[in-house]
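Q: Listed below, chain by chain, are the residues.
Number of protein chains: 2
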Amino acid sequence: MKFEFSENMKNIKPSEIRALLKYIHMPGMISFGGGLPNPETFPDEELKNILNDIMENYAASALQYGQTDGLPELKEQLTGYLKADENISVSPENIMITTGSQQALYALPIVFANRGDYGIIEAPTYVGMISSLNANGIKSTSIDLDENGMKTDELEDRLKTMRSMNIKPKFIYTIPTFQNPAGYTMPLDRRKHLLELAEQYNIPIIEDNPYGDLRYSGKKLPTLKSMDNNGLVTYLGTFSKIMAPGLRTGFTVSQPEVLTEFNKLKQALDLATDSLSQYIAYEYIRKGIIYKQIPKTIELYKKKRDIMLEALDDDMKNATWSRPDGGMFLWVQLPKEMNALKMLERAIANKVAYVTGSAFYHNDPELNTMRLNFTYSGDEEIKDGIKRLAKTIEEEKASL
Amino acid sequence: MKFEFSENMKNIKPSEIRALLKYIHMPGMISFGGGLPNPETFPDEELKNILNDIMENYAASALQYGQTDGLPELKEQLTGYLKADENISVSPENIMITTGSQQALYALPIVFANRGDYGIIEAPTYVGMISSLNANGIKSTSIDLDENGMKTDELEDRLKTMRSMNIKPKFIYTIPTFQNPAGYTMPLDRRKHLLELAEQYNIPIIEDNPYGDLRYSGKKLPTLKSMDNNGLVTYLGTFSKIMAPGLRTGFTVSQPEVLTEFNKLKQALDLATDSLSQYIAYEYIRKGIIYKQIPKTIELYKKKRDIMLEALDDDMKNATWSRPDGGMFLWVQLPKEMNALKMLERAIANKVAYVTGSAFYHNDPELNTMRLNFTYSGDEEIKDGIKRLAKTIEEEKASL
Numbered sequence: 080m081k082f083e084f085s086e087n088m089k090n091i092k093p094s095e096i097r098a099l100l101k102y103i104h105m106p107g108m109i110s111f112g113g114g115l116p117n118p119e120t121f122p123d124e125e126l127k128n129i130l131n132d133i134m135e136n137y138a139a140s141a142l143q144y145g146q147t148d149g150l151p152e153l154k155e156q157l158t159g160y161l162k163a164d165e166n167i168s169v170s171p172e173n174i175m176i177t178t179g180s181q182q183a184l185y186a187l188p189i190v191f192a193n194r195g196d197y198g199i200i201e202a203p204t205y206v207g208m209i210s211s212l213n214a215n216g217i218k219s220t221s222i223d224l225d226e227n228g229m230k231t232d233e234l235e236d237r238l239k240t241m242r243s244m245n246i247k248p249k250f251i252y253t254i255p256t257f258q259n260p261a262g263y264t265m266p267l268d269r270r271k272h273l274l275e276l277a278e279q280y281n282i283p284i285i286e287d288n289p290y291g292d293l294r295y296s297g298k299k300l301p302t303l304k305s306m307d308n309n310g311l312v313t314y315l316g317t318f319s320k321i322m323a324p325g326l327r328t329g330f331t332v333s334q335p336e337v338l339t340e341f342n343k344l345k346q347a348l349d350l351a352t353d354s355l356s357q358y359i360a361y362e363y364i365r366k367g368i369i370y371k372q373i374p375k376t377i378e379l380y381k382k383k384r385d386i387m388l389e390a391l392d393d394d395m396k397n398a399t400w401s402r403p404d405g406g407m408f409l410w411v412q413l414p415k416e417m418n419a420l421k422m423l424e425r426a427i428a429n430k431v432a433y434v435t436g437s438a439f440y441h442n443d444p445e446l447n448t449m450r451l452n453f454t455y456s457g458d459e460e461i462k463d464g465i466k467r468l469a470k471t472i473e474e475e476k477a478s479l
Numbered sequence: 080m081k082f083e084f085s086e087n088m089k090n091i092k093p094s095e096i097r098a099l100l101k102y103i104h105m106p107g108m109i110s111f112g113g114g115l116p117n118p119e120t121f122p123d124e125e126l127k128n129i130l131n132d133i134m135e136n137y138a139a140s141a142l143q144y145g146q147t148d149g150l151p152e153l154k155e156q157l158t159g160y161l162k163a164d165e166n167i168s169v170s171p172e173n174i175m176i177t178t179g180s181q182q183a184l185y186a187l188p189i190v191f192a193n194r195g196d197y198g199i200i201e202a203p204t205y206v207g208m209i210s211s212l213n214a215n216g217i218k219s220t221s222i223d224l225d226e227n228g229m230k231t232d233e234l235e236d237r238l239k240t241m242r243s244m245n246i247k248p249k250f251i252y253t254i255p256t257f258q259n260p261a262g263y264t265m266p267l268d269r270r271k272h273l274l275e276l277a278e279q280y281n282i283p284i285i286e287d288n289p290y291g292d293l294r295y296s297g298k299k300l301p302t303l304k305s306m307d308n309n310g311l312v313t314y315l316g317t318f319s320k321i322m323a324p325g326l327r328t329g330f331t332v333s334q335p336e337v338l339t340e341f342n343k344l345k346q347a348l349d350l351a352t353d354s355l356s357q358y359i360a361y362e363y364i365r366k367g368i369i370y371k372q373i374p375k376t377i378e379l380y381k382k383k384r385d386i387m388l389e390a391l392d393d394d395m396k397n398a399t400w401s402r403p404d405g406g407m408f409l410w411v412q413l414p415k416e417m418n419a420l421k422m423l424e425r426a427i428a429n430k431v432a433y434v435t436g437s438a439f440y441h442n443d444p445e446l447n448t449m450r451l452n453f454t455y456s457g458d459e460e461i462k463d464g465i466k467r468l469a470k471t472i473e474e475e476k477a478s479l
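For the protein sequence lines, the chains are A and B, in the order given.
So the first sequence is numbered by this note's numbering: it starts at 80 and just counts up by one.
So the second sequence is numbered by this note's numbering: it starts at 80 and just counts up by one.
Quick caveat, the hints were computed from the structure, so don't treat them as lab data.
Honestly, I wouldn't trust all of these hints.
The list treats identical chains as one, so a pair stands whether inside a single copy or across any two.
What the hints assert, rightly or not - Pairs of lysine-lysine, DSS-like flavour, derived with a Cα cap of 30 angstroms:
(1) Lys-218 with Lys-247
(2) Lys-89 with Lys-247
(3) Lys-476 with Lys-421
(4) Lys-371 with Lys-127
Between the sequences and the hints, there should be enough to build the whole structure, so can you do that?
A: Below is the structure:
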């Protein structure tokens, strides 16, 4: 038959990053393009034991449909972890388990905004939020980043302007710590400023914190949620970077009234998150393995970050880049006249891949930017890959 | 803070069935309300072995992010299963793995319809489709069922009427085999008629077949998809009823161009389905366990269906009910003047629970109906529960 698809679908572009996955598997390719955790960090042996325990003790529950809001035992364990890890004091009624934090990125804009409403995002920002906005027909206005994350002065001006135009933004989405894609972290004064503005204008904040545990240098900063006395912040966490991403288990921390709305939507989205994976996460915290695994992951990733930064310092001309204190990514800015998307073909020919920065803008992309992942490649690959990238940039520059 | 939720959320009602889950756990309650497979059917031992194999052989992949469209090895295995089980001949490019078939019920209406467009559904129909329609602002027109499923003559009339009004329905959603909630099965002539109408009016069919493998009497009928020569049918399957529902693994079989659209949306919904659960499903088919497990499940459920039908024949007055050849549910119709929702309080007091039929209508609910699940309760519980229900109905009738 001849299909007629909905108008909606025309607004949703396939993810450039997902498309890049195929290059990762090309022989000889060094890819900085993905966002994959390094499988060396997966706690295989511990998970094997956990799986045995689960099948011995809770098989009937771990294989059965669970509650839409998540496994009660996991929510209980998460209250302890959130307190110990991020000084976030909440009870289980403040927690909802999600199918990856992507499910929260999809659902929360719908909870807060109608089609045609505005959300406030960072530029650049995580592609998962951009695809949610596109899928749901929600508009955005973007606040620029500098090396201290979202420019909250610019946010303040924007909020004033929007108020004068009688436009009420429905949420502010931020990744304040080790931002994806830029790698920047918002210092304490900006965090306070952001919270003040959100309170003043009565706008909920969506704080996405997938990388908070992965700090390699500098001092830990409080999450927005831990400083939030007014229920402004809906906080997103995930086990993807500190356990295993294939288990698709995330969590949303918010006021019960927000979670009640999210719950209604999750019933339509997938009824409930995978029960077995929730039991795994439950045992992973309960047995304290999470607290042993994070330092191991940090050790591996810190080394890889340092190798990439050193390689960039040694080999890269004609570019500037962020020096992240944690997370998985750094952000490269080429001279204004260069276009990282156009250059990608040359990079692939030179056997190195990256994600073009333009993928991380909802509006008005900066075409001279790219994101590099430093957690997945081998140490020697990182050095070689940066050499190939430097060569690519030189060749491309010479060709202009 | 004071939250302002979107207008969207006002259209989404919390699921009555999900709310009923809490009664299942009340002491002494016999609940026919859930839709839970019986945990006796979970292949614990086999899954334990499969998990060991996976952690030995594929841990790094089973814990890593997977492709959005699903694990290639699982899709390959599914082509063999679909051929053997339902005579559906497809290749892996026709298959997409979903996070439960609920994810497909959420996504496919968006792929085919805009807000305000019409889909055609059965009345009554599965609540998962109703919550998707509500979440996505899609309207519906309902075709009545009789003991042979959707009345395709009524469908034909409706299509003519809609055409005369210049309204193009965007899809037809049907559960032709062991329908949920009604338990009815569409015979071959109606299946052919439905396919003819879909072709004539160029409307895609969404065929939901979660129970097809669970036949306890009567002769197997071909799925719509197996009779579809024109790519009209998008077919939904799930491992929930033939392996374990907690693993949230479903599959959609369709034309590649439909799946390309679905894939874009799934990137926004959850990036990818749980990798570990997909590996479990892969091994479950590859090792042939699925073919051994289905007859065991049939044996258990057939007995329970027979017990419930016999109990109804013995004890129930003032009602009629369906006599399903398979699946998990039967449908009870009370006298017109009775209201099953109003009666629920009395039922709970009598320690028996059901789902009111009104939950299964998108428009114009039949208030004198209820759905009973016969797969979850113990054999003696089924007998006692039906006695309690008969008593409840008599008391309620006397009180009117």
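Q: Looking back at the hints listed earlier, which ones does the structure fail to meet?
A: The structure breaks none of the hints.
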